[in-house]
Every structure is written in C-alpha cells, then in structure tokens.
Amino acid sequence: MWYFIFRRTAGFVATLFVVSAVVFSVMNILPGDPALTILGLDATDDALAALREQLGLNQPVLARYVSWVWNALQGDFGISHSFRVPVSELIAERLPMTVSLAVAGMIFTLVIALSLGIGAAARHRKVGDWGVMFISQIGIAVPAFWLSMLLVLLFAVKLRWLPPGGFAGWSDPVAAMRSLVLPTIALGVVQSAVLARVTRSSALEVMRQDFVRTARASGLSRRRVLWRHVLPNALVPIVTIVGMQFAALVTGTIVIENVFYLPGLGRLIFQSISNRDLPTVQALVMLFAAIVVTANFVVDLLYVVIDPRLKART
Amino acid sequence: MSEFSRIFAATTVALGMGLSPLAAAADQIIIGLQQEPTTLDPTADATASIDGMMTMNVFEALTIVAENGEVQPNLATGWKISDDGLTYTFQLAQDVTFHDGTTFDADDVVFSFNRAMAEDSVNPSKSIFKPIESVTAIDPHTVEIKLSRKDAFFLFNMGQGDSAIVASESVDTNNTNPVGTGPFKFDSWTRGDRLTLVKNPDYRDAAGVALDKVEFRFISDPSAATAAMMAEELDAFPGFPAPELLVQFEADPRFRVNIGSTEGEVILAMNNSKPPFDNIEVRRAVATAVNRDEIIEGAMYGQAVPIGSFYPPHGTAYVDLTDAYPHDTAKAKQMFTDAGVEGTTMTLRVPPFPYATRSAEIIQSELAAAGIDAKVENVEWGFWIDEIYKKKNYDMTIIAHTSPNDMGNFARGPDYFYGYDDATFNDLWGQIETETDPAKRDALLQEGQRFLTDQSVHVFLFQLPLLGVFKTSVEGYWSSAPVLYMPLKGVTNAG
Numbered sequence: 001m002w003y004f005i006f007r008r009t010a011g012f013v014a015t016l017f018v019v020s021a022v023v024f025s026v027m028n029i030l031p032g033d034p035a036l037t038i039l040g041l042d043a044t045d046d047a048l049a050a051l052r053e054q055l056g057l058n059q060p061v062l063a064r065y066v067s068w069v070w071n072a073l074q075g076d077f078g079i080s081h082s083f084r085v086p087v088s089e090l091i092a093e094r095l096p097m098t099v100s101l102a103v104a105g106m107i108f109t110l111v112i113a114l115s116l117g118i119g120a121a122a123r124h125r126k127v128g129d130w131g132v133m134f135i136s137q138i139g140i141a142v143p144a145f146w147l148s149m150l151l152v153l154l155f156a157v158k159l160r161w162l163p164p165g166g167f168a169g170w171s172d173p174v175a176a177m178r179s180l181v182l183p184t185i186a187l188g189v190v191q192s193a194v195l196a197r198v199t200r201s202s203a204l205e206v207m208r209q210d211f212v213r214t215a216r217a218s219g220l221s222r223r224r225v226l227w228r229h230v231l232p233n234a235l236v237p238i239v240t241i242v243g244m245q246f247a248a249l250v251t252g253t254i255v256i257e258n259v260f261y262l263p264g265l266g267r268l269i270f271q272s273i274s275n276r277d278l279p280t281v282q283a284l285v286m287l288f289a290a291i292v293v294t295a296n297f298v299v300d301l302l303y304v305v306i307d308p309r310l311k312a313r314t
Numbered sequence: 001m002s003e004f005s006r007i008f009a010a011t012t013v014a015l016g017m018g019l020s021p022l023a024a025a026a027d028q029i030i031i032g033l034q035q036e037p038t039t040l041d042p043t044a045d046a047t048a049s050i051d052g053m054m055t056m057n058v059f060e061a062l063t064i065v066a067e068n069g070e071v072q073p074n075l076a077t078g079w080k081i082s083d084d085g086l087t088y089t090f091q092l093a094q095d096v097t098f099h100d101g102t103t104f105d106a107d108d109v110v111f112s113f114n115r116a117m118a119e120d121s122v123n124p125s126k127s128i129f130k131p132i133e134s135v136t137a138i139d140p141h142t143v144e145i146k147l148s149r150k151d152a153f154f155l156f157n158m159g160q161g162d163s164a165i166v167a168s169e170s171v172d173t174n175n176t177n178p179v180g181t182g183p184f185k186f187d188s189w190t191r192g193d194r195l196t197l198v199k200n201p202d203y204r205d206a207a208g209v210a211l212d213k214v215e216f217r218f219i220s221d222p223s224a225a226t227a228a229m230m231a232e233e234l235d236a237f238p239g240f241p242a243p244e245l246l247v248q249f250e251a252d253p254r255f256r257v258n259i260g261s262t263e264g265e266v267i268l269a270m271n272n273s274k275p276p277f278d279n280i281e282v283r284r285a286v287a288t289a290v291n292r293d294e295i296i297e298g299a300m301y302g303q304a305v306p307i308g309s310f311y312p313p314h315g316t317a318y319v320d321l322t323d324a325y326p327h328d329t330a331k332a333k334q335m336f337t338d339a340g341v342e343g344t345t346m347t348l349r350v351p352p353f354p355y356a357t358r359s360a361e362i363i364q365s366e367l368a369a370a371g372i373d374a375k376v377e378n379v380e381w382g383f384w385i386d387e388i389y390k391k392k393n394y395d396m397t398i399i400a401h402t403s404p405n406d407m408g409n410f411a412r413g414p415d416y417f418y419g420y421d422d423a424t425f426n427d428l429w430g431q432i433e434t435e436t437d438p439a440k441r442d443a444l445l446q447e448g449q450r451f452l453t454d455q456s457v458h459v460f461l462f463q464l465p466l467l468g469v470f471k472t473s474v475e476g477y478w479s480s481a482p483v484l485y486m487p488l489k490g491v492t493n494a495g
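Chains as they are written, first to last, in my numbering: chain Y, 1 to 314; chain D, 1 to 495.
FYI, nobody ran anything at the bench for these hints, they're computed from the structure. Among the hints, a few may not be true.
[What the hints assert, rightly or not] So, partial list: chain Y residues that the calculated Cβ filter (under 10 Å) puts toward chain D:
{"hint": "1", "residue": "R84"}
{"hint": "2", "residue": "S88"}
{"hint": "3", "residue": "E93"}
{"hint": "4", "residue": "L95"}
{"hint": "5", "residue": "R160"}
{"hint": "6", "residue": "G165"}
{"hint": "7", "residue": "R208"}
Glycine is no exception: its CB is placed at the ideal position from the N, C-alpha and C atoms.
Could you put the whole structure together from the sequences, leaning on the hints where they help?
This is the structure in structure tokens:
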C-alpha cells in the first residue's frame, strides 16, 4: 500500500513537471506579444521595450523557465503580466467560485444519476426504465451552453426566480446559492445523464448475480437489496466514471463560467491565454493538471475501499 | 428517495423565495460592459474598458472632450497660447483634492507628465507627449508647457485617459486602487465580476453629479448580455456587442436603443509592401469588387454608416468619398485580369471580432465573383498582433482603428503593418498635425481623405457604430463617442 502511494506521488510530481515544460514551450512558440497586447496598437517602440523589461521578457526563454521552476518550488508563481498582481492572489480569489461550482455539479450529478440509474434498473424493461433511458439520451445530446441559455430564458428572464448570471462571493450565502443553481444544473445535466446510464447497466449486471437472488429469498425488501447489496457491488465502474467526470466538471466550468459570467478560474484561463499572460496560464494549467491527477489517485484508492479483493493487486 | 425529494423541495423553495433582483434605487445605476479590465490605470494599459470606467469618472485630465468633439476646460480652468503656438500656460482649478485627501496642484501635473514622458514610461499613447519639450510649475495653480513644434491635437490629447493627472503618493497602486480627482471615487472591484464607484462628496461640482453609486458588471457573451438586460439585472449596456440582438430591445417598451457613432474606422487592410497589393490597380480593383451596402447589411444588420476614406462621418472635415469606386463586379474582374492577378489565391486573416469575421465572409464571396480566391483564416487576437501587426505576414485583414485623429497611421512608415510609405502623404500629415487653425486644418484633412482614397491604400468599409441599450429611466448618456470614455457625471437613473 505504501509503495503504491509512493509510486503515485512520484508519478504526480513527474506529470506536473512535464506539464510545466510543455506549457512553457507552447506559450513561447505561440505567436503573440504580451507587451503589445497590454499597450495596444498605438504604443511606441520605447514604451513596449520598457514594458518588456518590466515584465522580464527580455531574458532568454530557458533562463526564464529555470527561474520559474525555482520560484514555483518555493511557492511563488510569479506576477501576472496583464493583472500585475501575484498569480497566487488571482487564483485564491477565483478558486472558491470554481470549486463551489464543481462540487455543486458533482453533488447534483451523483444525486440525480444514482437515483435515476438504480431506479431504472429496479424497473428494468418497464415504463420507468424506458423513461429514464429516454431522458438521459436527451441529456447527453443537449449541449451545455444551449441548455444554459434555455435555463436563463425561463428562470431568469421569464419567471425572474433566479439571477441570469454573476457571482458576488459567499459573503451573502443565499445570493451565492441562488447564483449557483442554474450553472450547477447546466453543468450537471450531461454528466448525470452519462452516469445514470452507467449506474443502470452496472446495477443490472449485479442484479443478475446469485447473491442478489439469495438476499431476496432470505426475505430482504427490494429496496434494501437495491441500496445495500446491489449499489455497493455496482460501484467499481461507477467510481471510475465519476473520477473522469470530476475532471470533466472542472474543465466544463470554462464554458459555464462564460455563459453565466461567473468570475472563476475557467474564465481566467481563457482570458490569460488570449492575453499571453504566461505566469497565469502556467499556474492554472498546473492546477488543473494537479486536480485531474489527484482525482485519478483518489479513484484508485477508492477501488481498494470498495472492493478489498483489489488490494492484493496494487 | 423521499428524504431526497423533501430536502430538494425545501431547497428549491428557499432559493426561489423572493429576493428578486434588488430594485435599483433612483440614485444608482448598474452598467454592463463587454470587455473586462485587467488593471485600472489608463496611463499604463490600453484596454478600452479602463478608459470607459475610469477616465473622467475617477481620473481627470487638464482638458475634457465633449460629446461633439469640442475641447473644454477641466482640471485646467483656462489656458493661454503664445503667439508662436509653442507655449501653453494652464490655470489650474483650486481647492481640488485627490480621493485620498492629498491636494491637487501644479506639482501633480508636472509629475504626471514627466512620468508619461520618462524613458521607462509604459504609457500606451506615449507618442502624444512627443512634441512636449518641458513642463514647469510656475506657481501652485499655473503650469507652463513648452512644445518643440506646433501640435494641432495638443489640447485634445490633454483630455485623454493617457494624460490623466495622477498623484505621486498613489501612483504605484493605481493599478488596483485608482486615486484621482474625478466626480466618482473607486469603491471596490471583484475581478472578472463587478466594479463599484461611489460619488465623491468633495467634488468641485458635487451638485452636478446625480448618481450616488455606479456598478459595472462584466459580461462578455452577447446572449448573456441580452439575458441580463431582459431580466433587468442591468440598467444600461452602453456598448452592446451584438447588432443582431437589438431588434428585441427595440420592440420592448422597457428599453431604449441608441445607435451612435464611434471613432472606429473599419478597413479591409491590404499589405501594400508586397505583391499583389504594391500595385495600385489591384487595390483599386478590390475597392471596385467590394459592395459596402451588402457588407453593412450582412455583417452589421444595417447598423453602420459607410465610409469612403479614413475619417469619421461625424467629423467637421468629412468628405463623402463612398462613390469613388462604385461597386461593379464585371469591371473589377477586368481590372484583376489586366493586372494579371485573376484567379490567384490571397489570404484574408481576420481577428476574432464579429464585425471582422462576418465582413470577411461577405468580402470573400464578392472577391470570388470577381475572380479572386480569398482564403479566410480566422485567427486569435494574440496571433493577429504578432503575425499581422508586427510581422506583416498577411495579404488582407479587417480591423477597426478606434483612436481619434488617427489619419497619421498612414505616415507611420514602411514598418507599420500597412506597409505603406508615401512622401507626399507624410508631408501632408506633417502639415495637418502642426496646423492649429481649425479651418485650415479641416481643409488639409479633406485633402488627406481624397489622397488616401485616390491611392486606394485600403478599402474603407464603414464606421463602427456605438450600440447602446438602456432602460427608459436612464438619461444623460452620450449617444456618440468621440473619445474612448463616457462621463457619468450627467447621467441620471430615475427608475
């Protein structure tokens, strides 16, 4: 087990290192000029030169990368070129938004998908099953940005129940939760449709097994059998998908944050790439990579918890 | 399941309960902006929304440009110009304080100008300070500025965000905490979401400021902007991004739509430095192949004024040259054949702005009809800046030049991305920028317009419109923008 954790941690560090090198070279190869982006098309050559000096763009690429790695190891991710404040400050002020959205999207997905998936499996080949399959098919097909617009038109423009976008922070929790409802639904619908189908088929697989029949025969209620025996045994494929979905949710916030004009990391990375704000892009890509790698790591650990038989193999 | 549904129902009720968007009080306004700023100092970053929010609201300059383009006194209450036109003596407003309580005087003016002119200055319009030789404080309320040559646009340029007066005490933090002398004080900023200003009670004309609080919200997506207006989350969207979505506001009695003009000339730029566009006949053929009315109808939903040269139709020196090369596909085709370029392929590299990408598709089909295969490449802004603007690696592109008095672009020499260099025009521009008599200057500007059209340096397409959507309660907004700022001092929201 400890060897497993050590191996994964080494992999984690190596992944981040490779990601940092790739991002740094890509951002330097990409055509663009941060100084010209900031000062605009009327800028004079000497003002551009002065700004490049200020931003440290005059040093060779390799020297900049080495000093970036050195500082990053000490927890200093540099100063954003376009915002002119420490990147860590930018991330710290936007992280709560994106984490709130991703976590809310995950909870929404789990609640909807597990209920619908197990429910459909229990009503296999009946109306409820067909209904869930039909709805989830639509859920998979609908693009998130289009669903967002429909939700806004109905709940914000027509009914005026919820705000059409924006997020003012958690200082007013009721307003914050109201702001998150529509983005959460828009973010979670596709994922829950996928997960509901996986849950259903995984549950059906388990239900065909002997121990389920034995449990029923021993007098347990249908419901108890479903939630206590079928679901836990169906979890391995579900957890695999959930792990992948968490990564998709985090990256999915990029689109959702644009449609609902939420001040999160997704919008920040979008803006920083077009501004050629290398320090910010670098830190954000590292963060997203770290989240994805961590999610996979947690999934691997969960396998062992769910199915102790797997321990021997790790 | 029932447990879930109960919690779910309870949450839904809690969230749905009331608190519909805070009804804006009469002395407040919530304004939508498409472009999000990254810093708040107009003297160090060219982002247009910084000027849009900060200039003349938080920061002030010696002069101010009115809606009709006229230069008026501001922090300078008056000025004297020496007979040779080289020395300007400004009288400064008295009893003015910066928002942090420090006093405004001549030293702040000297400091601001020296900072903008310094060797390590990162002022985005540093060239407007080039004619300045020295800036001297005569007494605390008098400043003398000496020029090395006459400058026709000097007083106009002194009324821009680039020449805002800042204080040495606060200049280093203006990026995130702007401190000026204007009618509004900076209050708070949630990057990416909103920015709030409050009325400056110590403003020298505080009685003339109606709004107590101004909130800007940053919404880049046009459909999200529409929804936010429709849901009445916003009171005004002065620079509305999508002409195609205006119809629904025009039909709605809650809103007023304004279609004004800006200083942005949209051009189909041709790379004059290399074949085939180093040949004037090819450039004229492109001008003949292009149909402005079709482009304005298709790309701007009819909401733009065509231009035939590089000067805004609302300017005092405007001459209508839109008929210089009447649209004639057959003639254009013949011209391309005569020049030996019929059937060749050219690139049309377009930056990611709706006016540009939509115009490109129409121009592509118009050129195809005249026998030219234009390959449209939609490129991202960073790419455009580097490949097209810096390296001139393009045949044609579409771009709006949004600065006022920018005919001098054509005198920026062969290294500028136009690749255009003409001694006659350089000389003419030299006369224009030093002619301080308005009537004579207008005559020269007309000569300039005719010259550029005759040379067919680019195809001049249309003037970028200023599209605004306002709740009917909002009054006092400028309907056209001769500069990049829009003062909120005279704006009211009686709703």
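Taking the hints in turn, this is what the structure says about them:
1. R84: holds (5 Å)
2. S88: violated (14 Å)
3. E93: This interface hint holds because 7 Å falls under the 10 Å limit.
4. L95: With Cβ-Cβ at 12 Å, over 10 Å, it is violated.
5. R160: At about 5 Å, which falls below the 10 Å cut-off, the nearest Cβ of chain D leaves the hint on R160(Y) intact, so it holds.
6. G165: Holds: closest Cβ of chain D sits about 6 Å from G165(Y), inside 10 Å.
7. R208: With a minimum Cβ separation of about 23 Å from chain D (threshold 10 Å), the hint on R208(Y) is violated.
In summary, the numbered hints that this structure violates are 2, 4 and 7.
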